[in-house]
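Chemist: If you read the sequences in order, they're chains F and S. Quick note on numbering: the working numbering labels position 152 of the first sequence as 152, and the sequence is numbered without any gaps. Position in the second sequence (first residue = 1) + 578 = the working numbering.
Worth double-checking, as some hints may not be accurate.
[Claimed, not checked] Every beta carbon over 10 angstroms from chain F, so not counted as near; a handful from chain S, in silico:
| # | residue |
| --- | --- |
| 1 | T582 |
| 2 | L641 |
| 3 | E656 |
| 4 | R737 |
| 5 | R797 |
[As the list claims (entries may be wrong)] With a cut-off of at most 20 angstroms between alpha-carbon atoms, the simulated SDA-like pairs for lysine to any residue come out as follows:
| # | chain 1 | residue 1 | chain 2 | residue 2 |
| --- | --- | --- | --- | --- |
| 6 | F | K124 | F | R288 |
| 7 | F | K453 | F | I302 |
| 8 | F | K453 | F | L470 |
| 9 | F | K124 | F | D72 |
| 10 | F | K124 | S | I704 |
| 11 | F | K124 | S | Q703 |
| 12 | F | K124 | S | D707 |
| 13 | F | K124 | S | R705 |
| 14 | F | K453 | F | R210 |
| 15 | F | K124 | S | E618 |
| 16 | F | K453 | F | L519 |
| 17 | F | K453 | F | G475 |
| 18 | F | K124 | S | A702 |
| 19 | F | K124 | S | D715 |
| 20 | F | K453 | S | E618 |
Hints were generated in silico from the structure; no laboratory data involved. Note that this is a predicted model, so its numbers are computed, not measured. Note that the Cβ used here is the ideal one computed from N, Cα and C, for glycine as well.
If you want the building blocks of each chain, they are given just below.
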Amino acid sequence: MLTDRPPVETLETDVAVIGSGGAGLMCVLHLARAAPDLRVAVVSKGVIGKSGCTRMVQGGYNAVLDPADSFDLHFRDTLEGGGYLNDQELAWTLVNDAPRVIRELETSVGCFFDRRPDGRIHQKAFAGQSFDRTVHRGDLTGIEIMGRLRDQLFRIGPRELEDVRALDLVRDARGEVAGVTLLDVRTGRFALLRARVVVVATGGSATMYRISAPAREKTGDGMAMCWRAGLPFRDMEMLQFHPTGLLAGRSRLTGAVLEEGLRGAGAYLFNAAGERFMARYDAERMERSTRDVVARASYLEIMAGRGTAGGGVLIDISHLGVEEVERRFPGMVERTRLIGRDLARGPVEVSPTAHFQMGGVIIDPDCQTVLPGLLVAGEDAGGTHGANRLGGNGVAESTVYGARAGDRAALLARERPLGEPDPAEVAASVERALSPRARDEGASPFAITRELKDLMWQDCGVVRSREGLLRARDGLARLAEQLEQVAAPGPAEANYAWQEALDVANQLTVAALIVESALVREESRGAHFRDDFPARDDARWLRTIVLERGADGAPRIDLRPVALTRLAPAATVAGGQT
Amino acid sequence: MTDTVRVTIQRSDPASRSRFEVERFAPMAVLDLLLAIQREQDSTIGFRYSCRVGMCGTCTLRLDGRPVLACQTFLPPERDAVRLDPLGGLPVVRDLIVDTAPFFAEWARVTPYLIPHDGLDAPAQIRPDAPERQVIDPALDCITCGACYAGCGVADYRRDFIGPAALNRAMVLIADSRDARRGERLRAVTGDDGAWRCRYIHACTAVCPKGLDPAGAIRHLRRWRVEDLDAD
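Isolated chain F (complex conformation) (with noise of 0.2 angstroms):
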């Protein structure tokens, strides 16, 4: 296929920011301001704001706004959720950024959140946390902070590459980076965009799971192509399961996020013998404790037979009156009224649905990485979280550090020159990205997404073992062979099957970093449930586990105790208790 190779267009700026989210455009947004002389491109596999998941932010976004809060509780809150794995200096640069960053929402950018009857602005009561501090715009808060940032590039005018798929980070002869390698998804034409920073700000990739939440885009594209230019990982064993998926039968609409504040407003989950089963599993919380614990707890009643029919348990809030729910959860309301159910009126059938990746790429609060010239920000980072993630950080954490990135940035490309991209990483580049065009007859690249999901679902999902993850290796391994072979056929323009192919690819290598992490974790902590281990261990495994790219392009394994710089667990807790 060499010889049929199209040609490559150069294309040249000084930040590429790749992923057009609340990361991506918040990085944007601060490039701007701090150095609008700059060339700015943004790079968005699907359209620009209106891919990815800070769109579909529903519940909202933790600040410290009231004087009665503070840094200390909203820090303490997010390493309790987090079980203390937390790269503690991320998350107390979240929590200290969180309410500066509102303030430019509210100020700068245009977005409005809902006030409190003095004009204030309301903050809502989450699961998990010690304060009612979750800023939101009626309950589809994404739509508000999105439309607005999206709004402010027709002030800016970057360079929008739009429907265009960056496909790997290129470096020069210093091994610094020095460009990216994209693919038009519209024409199927390659291109090389030459920068001098690179912020990678693509989101993770929980859309590997057969019941998941995230927008379509999402298969882990910045973290894969991260690993593919040797990065190093940490928490990759940490998948988030947020505890109410709604359940639509085989519609796509199945796993889509019954928002949080269903919880913490009063919600009761039942099981299918009409038990509030939480009182097994967090007496004290019940159905407000974390995420981990109430999808864990969901999973194991459905697990014991005690689930509906439709393979799910019973979130109802209808206790509060039609009026009440109508009123404060309308876009739940109606999200449920689509499939012919009524969260105003009675009991919604749900599931665990895989939410969010904690784990990522290691960055400082500045976002920088090991890699000179390389800036990560928003999920495709880890250990801000940790174990766990608060509902209401999320959005927090994408905002927060992709406007640091974009600060860092603009400090970053006045000093890097452009550096000149080897030719042969180039070419290897393009040439993958090819490869299921080598061939009219093979695998389809949607059977094998399938097949990827159905194996992470049962085998490296809500509960897990070593038997299991095991098993998973091998299936994974079974279908990176099976990706070799695939093929997609027809033209090159828009072809989304030639897409998908590239999309599977990517989430075959994060999801393997997500076996071997979650392999070597011989405990339960947060996201990450070992039934053979189901205690957690602080002694043993107050530890990170770091994962670097061996020389055989297999994971090498670091462990490395957490540094509790800033608050250590208040017991710490070893065997015996989960």
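Place chain S on chain F using the hints.
Modeler: Frame of chain F; chain S shown alone:
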């Protein structure tokens, strides 16, 4: 309820297959039909979606002629045949995918971002029952899906009408007391290509998948123009 649904899709390449029979399940959205076709029958079919919960506004298409979000439109049990076309009035990229650039060009024309008053350095204290919020809040959840623009008979007739979505956005900014450009904005959107071009066909309001009322927004603009500017 039938076991299958017959689907006819307008394809860009007339040689492509355009008729499909899809196994029915329930609940089944138009998006589910498309995914089933793509996965089981014809992987080359072009359509777009992202969030599948009515928040991104990228899966807009015409179902039996009417603009809808594919992800939010579920098939009633009695429906056994559907026709899917790309949104009208926009260039087709491929099959059901359209180029929304003309829509966003109109959106950009209304200066769609807040231009805050000097000194707005903290979230404004505005009560939820303030008159401006009564106007703005119900108009706020636009997802720029383009359904109203494609459904508007006036926008379709001559492509220089700002159109319902962008006028709705302009109305929100004009009503927002945090914004410093009320007068300028009002002038800009109440010219020949703006609010006065509307003929109150109300197609925009009828098709909006978020239940917004762009026609109502246009009425506000006309009234404010008369009250604010023409009184000067």
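Chemist: Are the Cα atoms of K453 (chain F) and E618 (chain S) separated by 20 angstroms or less?
Modeler: holds, 17 angstroms
Chemist: Does Q703 (chain S) sit within 20 angstroms of K124 (chain F), going by the straight-line distance between their CA atoms?
Modeler: Since the Cα atoms of K124 (chain F) and Q703 (chain S) sit roughly 18 angstroms apart, the hinted pair holds (cutoff 20 angstroms).
Chemist: Is K124 (chain F) within 20 angstroms of A702 (chain S), Cα to Cα?
Modeler: holds, 19 angstroms
Chemist: K124 (chain F) and D707 (chain S) were given as a pair; does the straight-line alpha-carbon distance stay at or below 20 angstroms?
Modeler: Given pair K124 (chain F), D707 (chain S) holds - Cα atoms ~18 angstroms apart, limit 20 angstroms.
Chemist: Please confirm whether L641 (chain S) is truly not at the interface, meaning its C-beta sits more than 10 angstroms away from all C-beta atoms of chain F.
Modeler: The claim holds: L641 (chain S) sits with its nearest Cβ about 15 angstroms from chain F, beyond 10 angstroms.
Chemist: For the pair supplied as a hint, K124 (chain F) and E618 (chain S), confirm whether the alpha-carbon distance does not exceed 20 angstroms.
Modeler: Distance of about 44 angstroms is beyond 20 angstroms: violated.
Chemist: Please work out if K124 (chain F) and R288 (chain F) have their alpha carbons no farther apart than 20 angstroms.
Modeler: Distance ~13 angstroms between K124 (chain F) and R288 (chain F) Cα, so the pair holds.
Chemist: Under the criterion that the straight-line Cα-Cα distance not exceed 20 angstroms, is the pair K453 (chain F), L519 (chain F) satisfied?
Modeler: Given pair K453 (chain F), L519 (chain F) holds - Cα atoms ~19 angstroms apart, limit 20 angstroms.
Chemist: Is it correct that the beta-carbon of T582 (chain S) has no partner in chain F closer than or equal to 10 angstroms?
Modeler: holds, 14 angstroms
Chemist: Verify this label for me: E656 (chain S) is non-interface relative to chain F, using a Cβ-Cβ cutoff of 10 angstroms.
Modeler: holds, 14 angstroms
Chemist: Are the Cα positions of K453 (chain F) and G475 (chain F) separated by 20 angstroms at most?
Modeler: holds, 11 angstroms
Chemist: Given the hinted pair K124 (chain F) and R705 (chain S), is their Cα-Cα distance within 20 angstroms?
Modeler: holds, 17 angstroms
In this structure, the one hint that does not hold is number 15.
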